[in-house]
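*Asks:* Single-letter residue listing:
Protein chains: 4
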Amino acid sequence: MLRFALFGAGRAGSIHARNIANHPNAELGYVYDIDTAAAERVVASFGGHLAISQEEVWSSDAIDAVVIASSTDTHVDLLRRAIEAGLPTYCEKPIDKDVERVKRVVAEAEEASLPVFVGFRRRFMPDLQMMHKKIRNGDLGRIETVNIVARDHEPPPLEYAKVSGGFLLDKMIHYFDLVPWFAGEQPSEVFAAGSCLVDPAIGDLGDIDTALVTLRFPSGTLSVIENGRRSVYGVEERIEIFGADGMLQTTPPYDNQVFHYTENGVERSRHVDYAQESFAHAMDAFIHAVEASEPVSPSLRDGLRAQLIAEAANESLRTNKAVKIDYDP
Amino acid sequence: MLRFALFGAGRAGSIHARNIANHPNAELGYVYDIDTAAAERVVASFGGHLAISQEEVWSSDAIDAVVIASSTDTHVDLLRRAIEAGLPTYCEKPIDKDVERVKRVVAEAEEASLPVFVGFRRRFMPDLQMMHKKIRNGDLGRIETVNIVARDHEPPPLEYAKVSGGFLLDKMIHYFDLVPWFAGEQPSEVFAAGSCLVDPAIGDLGDIDTALVTLRFPSGTLSVIENGRRSVYGVEERIEIFGADGMLQTTPPYDNQVFHYTENGVERSRHVDYAQESFAHAMDAFIHAVEASEPVSPSLRDGLRAQLIAEAANESLRTNKAVKIDYDP
Amino acid sequence: MLRFALFGAGRAGSIHARNIANHPNAELGYVYDIDTAAAERVVASFGGHLAISQEEVWSSDAIDAVVIASSTDTHVDLLRRAIEAGLPTYCEKPIDKDVERVKRVVAEAEEASLPVFVGFRRRFMPDLQMMHKKIRNGDLGRIETVNIVARDHEPPPLEYAKVSGGFLLDKMIHYFDLVPWFAGEQPSEVFAAGSCLVDPAIGDLGDIDTALVTLRFPSGTLSVIENGRRSVYGVEERIEIFGADGMLQTTPPYDNQVFHYTENGVERSRHVDYAQESFAHAMDAFIHAVEASEPVSPSLRDGLRAQLIAEAANESLRTNKAVKIDYDP
Amino acid sequence: MLRFALFGAGRAGSIHARNIANHPNAELGYVYDIDTAAAERVVASFGGHLAISQEEVWSSDAIDAVVIASSTDTHVDLLRRAIEAGLPTYCEKPIDKDVERVKRVVAEAEEASLPVFVGFRRRFMPDLQMMHKKIRNGDLGRIETVNIVARDHEPPPLEYAKVSGGFLLDKMIHYFDLVPWFAGEQPSEVFAAGSCLVDPAIGDLGDIDTALVTLRFPSGTLSVIENGRRSVYGVEERIEIFGADGMLQTTPPYDNQVFHYTENGVERSRHVDYAQESFAHAMDAFIHAVEASEPVSPSLRDGLRAQLIAEAANESLRTNKAVKIDYDP
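Protein chains in written order, with the numbering used here: chain A, 857 to 1185; chain B, 857 to 1185; chain C, 857 to 1185; chain D, 857 to 1185.
So here's chain A without its partners, still in its complex pose (with noise of 0.2 Å):
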């Protein structure tokens, strides 16, 4: 019985709250929150004790692992104390805004050895475990292009905006760790196009709300990632991957799973968010790895890898060029 520290208890902490309190083999043995009242929600419903402070947690050796889900500005501090703890720990994407700290801490955890999973939950979806699996059996071929397009139902709030580091750091950081997961290998190049369609306000804070960023690989693969923050037909997330041999391709989920056929013709209910199960997935994921003493994965290093790509894809939509992406430490 794994014990946790969380750390945060907004919309994606309280969600490892919950499947941590629902997991066989884990439970919650403190919650921190620098909004008191927020932490005590996740207590009420889902066990742990409330920590006053942080100390409250390091202090305590009734803990097992970490999960760190606060505000990003906070990820490095806390990555530090789990490392100094010895704590394996889940870590939210992104590690932090800074590259600079990011490639500090990514060398610091990986001279202890201690195990950092970061949070690129999409790799635990069902579907994409069954595509991937399916690539690296070969049975596509050798990959020649994949595409992504994903569309949020609806913007964030735009205080979210301010502080998430970006579009491309903040949303599209989950692409740049899915398609070299896909593709086997790193990317050498992006090219980066934005607009702000969906909401002046976050043109004003010098964002865009809509992208395409296209990426090349070293094998001559391609891959163009679309974002949206917008989609009034529910949450769009569809992944297409074309080989030599075939295609993949996910097929969206919708509400029901009912026809209803009309003079006008035949409709269907929305698209839903089935991304948000693999929260759990994801969870279960580092819970084993931690038990059976395997290295994590998704690293922190594929953290910052995928952020290495994201600021290349930043620095690509202020020049309007391809930039190659440096991975060296």
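Hints were generated in silico from the structure; no laboratory data involved.
Hints may contain errors.
The list cannot tell twin chains apart, which means a pair is met if one copy fits it or any two copies do.
Calculated lysine to aspartate or glutamate pairs in the DMTMM-like style (CA-CA distance at most 20 Å, straight line) [as the list claims (entries may be wrong)]: (1) Lys990 with Glu912; (2) Lys1180 with Glu911; (3) Lys959 with Asp1182; (4) Lys989 with Glu1041; (5) Lys959 with Asp891; (6) Lys1177 with Glu1167; (7) Lys989 with Glu1123; (8) Lys1177 with Glu1041; (9) Lys989 with Asp1111; (10) Lys990 with Glu1150.
Remember, predicted model here, so these are calculated numbers, not experimental data.
Following the hints, complete the assembly by docking chains B, C and D onto the known chain A.
*Replies:* Relative to the frame of chain A, chains B, C and D by itself:
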């Protein structure tokens, strides 16, 4: 080049005229209709000579084949003239409303070894051909059930319903031919349930417009055919054949290939009547068989068999019992 | 918090135990099974006390509700004890193989005004709920046909088939409840056609494994239900309701959301049994009704009605005629 | 009745010949090809006179319109003769590989007010017509992204690739016309990424066979076009247009309408090339415009515009930067 005499310039006759005109190995010789204006329109569009009388056609020696698409009550007399003239004939279904007359003319045609093709054109739709081939090839294993749903878009004019011979003989006869063709055997028993739900005027004629007919085959295979006279979302024609090793199912064709995603869900357009194209495929099969001196199929006897099923189904409607089908001549 | 006594710790009983344990407003009080080891396994997994005898349960005053999931021949006696104890009861279908016994116990339960819920759980599947709501809302206009295809993935063990009461009473009874629920009226007549195609051993028992049953309703609505015991491509359960103004159709759920495009075409995975989730929805509906002191639905009388249809269908199998259904007490 | 002179009796020329022969208001007058045998085959199948020389055609006064489907390097000279003769012309794309020559001939045609139609036939596919109409009608609100995936079934012969002007000019030019037509504005910038993945011999020519091209429009609309030269599952052509109020998406057409359910899942057949039918629709649009003395669209200038995008895309391939597109004459 096969020169045709066409009897009947109504809806089916006009379609046959166009298909003959467009066929590389066929042309229209004569067109006759009791409604001379209708015959004139066909000649103007698709060629051939306007026959003033039926005798003008039969006395010609420039005719190689006959199409009978006139009203049902004229079929048997025309068939007899065609037999006498030794001319291969494409005859629309049903052969005659009086099954005893049908039996006699089938015997006469067989006695004369005249190739007479009966217009069960659905057999020639490419998708159904493919299904039939897979079944004959054993892909489904033993056939267990055949499930057909067929709904017209709109009911025919009441005048047509009056002379059609009733819903089961006029409409469902297509499937009384199709299901045995798939099953590879003739049904031994039929049960019919019918209602008048679409138009009370049809009920006033003593007819029905909605029916569920169950067939039982000697091997134990079961089949149900649902037919209806009106569907607000367009024509419906679905066939599903289930066997020990798999299932084949047709998918509905839409009038365009576009999905429209809206705030309310996803919309497709209406179904279209893809069975229309089977007229041309059937005519081509007839022409090919005549040119190659091969037996025609479906034959006049196939027409009789389907009608015997329809007769038994009508008896079942009256008696509310399963009725055995007697195929003896 | 509703404390349950559970009779029967087999397949259905275990599912009910889990759903009760997971329900926020319910818990297991006692578990009894003639097979004590089975009851022990349920208690170990989901809580409650292991009852050594039935009397131990009935003499407790710490029970608020009863679940009857034991073998069919024990249902009526257990129902009588529940009536005596005045305990709201969830009873698995069928109530008893002897319809006269069913009639008596239904009368007794109604006399006692005891809420008894009968386990026609499909009514609670979200998609079917949505369809039912749309129909009641008039979206389809007058209902003309209801077409159900339901195939198990694999036949049950022969031992089960021996005591099940026959295919129509065991399996098709679900749809004998469902179709009238959609149609808004009880059928007046039934015709059944059946075959033994899957396993000759089932035929040796005098039973069938493939059936087509036609229902006729007073309004003229027609319905056909196809049921089978084995499907190589996974479970099949499709419902199509056709009315004057449109059609509703369920779509099959697949075990993943991936299309695989290959040289031979496009492949999807197999169907999955989405009806499993209906157990939890049905239990939730029962708990909710008991807590709110609302009438339970489907009631014991609904169970009797469905059984009367099954009885008439069995008579139709024997007589090869349509059989009128007599609902009189 | 429009009498056509056809230059070029290769693949595209033969298709045009058949469509002209089948059109109720058009017929073939002359057919010329440098390969006389090819021209003879077309005349034998579809009528018209075999022209021994080009001069024979231009000196005739029995010609109403011209189709230019000969090799690309002959287009401009033929266009000049057509301008001189004042004959409305249907010209295959691309107009010429040298964009400066294209500019001059476009200016000459516009100066002469000659209707010249350029063969961007996809605009006339019924589905894309419907999508265009809905967009113009405002059904999608502001257009945010246009996402096209188009893959050939098999690469063209290497001989063709050698003279085609390169992948972007030969293949992707169709979409450089289509996307602005949907967007309602011309793109201001293009970025191209390309690889040679299908056939190294194409790479040896300095060409690519797989490309991802990003377009940016003045309004902020973004578009990405993926093109490839080979797809094992059949041709692929999918268009998805996403706007503030909804999305339109084409669905792939299959070579039959049958689902095959097996132990392994559900199979469909391969995609078919539905773009073929657009040849006839485009020719019909040209004939209709000439007869009605309406302006033709897409015009020669549309051909130039698409080519300017292709030129900029080729420059982007070389420079690895986004390239502005200059439409000035």
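*Asks:* I want to check one pair: Lys1177 and Glu1167. Are their C-alpha atoms no more than 20 Å apart within a copy, between two copies, both, or neither?
*Replies:* both (13 Å within a copy, 17 Å between copies)
*Asks:* 20 Å Cα cut-off: does Lys1180 pair with Glu911 within a copy, between copies, both or neither?
*Replies:* neither (42 Å within a copy, 57 Å between copies)
*Asks:* Treating 20 Å as the Cα threshold, decide for Lys959 and Asp891: within, between, both or neither.
*Replies:* The answer is neither: 29 Å in one copy and 61 Å across copies each exceed 20 Å.
*Asks:* Should Lys989 paired with Glu1123 be assigned to within, between, both, or neither, using CA atoms and 20 Å as the limit?
*Replies:* Cα proximity of Lys989 and Glu1123: across copies only (16 Å, versus 34 Å in one copy).
*Asks:* One pair to classify: Lys989 and Asp1111, alpha carbons no more than 20 Å apart. Within, between, both, or neither?
*Replies:* between (27 Å within a copy, 16 Å between copies)
*Asks:* Pop the pair Lys1177 and Glu1041 into one bin, within, between, both or neither, using alpha-carbon distances up to 20 Å.
*Replies:* Neither: 22 Å inside a copy, 23 Å across copies.
*Asks:* Is it within, between, both, or neither for Lys959 and Asp1182, if the alpha carbons may be no more than 20 Å apart?
*Replies:* This pair counts as within: shortest intra-copy Cα distance 12 Å, inter-copy 43 Å.
*Asks:* Go through the copies and call it for Lys989 and Glu1041: within, between, both or neither, with a Cα cutoff of 20 Å.
*Replies:* So Lys989 and Glu1041 pass the 20 Å test inside one copy only (15 Å; across, 43 Å).
*Asks:* Given a CA cutoff of 20 Å, do Lys990 and Glu912 count as a within-copy pair, a between-copy pair, both, or neither?
*Replies:* Answer is neither: 46 Å inside a copy and 55 Å across each miss the 20 Å cutoff.
*Asks:* Is it within a copy, between copies, both, or neither that the alpha carbon of Lys990 lies no farther than 20 Å from that of Glu1150?
*Replies:* neither (23 Å within a copy, 50 Å between copies)
The structure fails hints 1, 2, 5, 8 and 10 (numbered hints given earlier, in ascending order).
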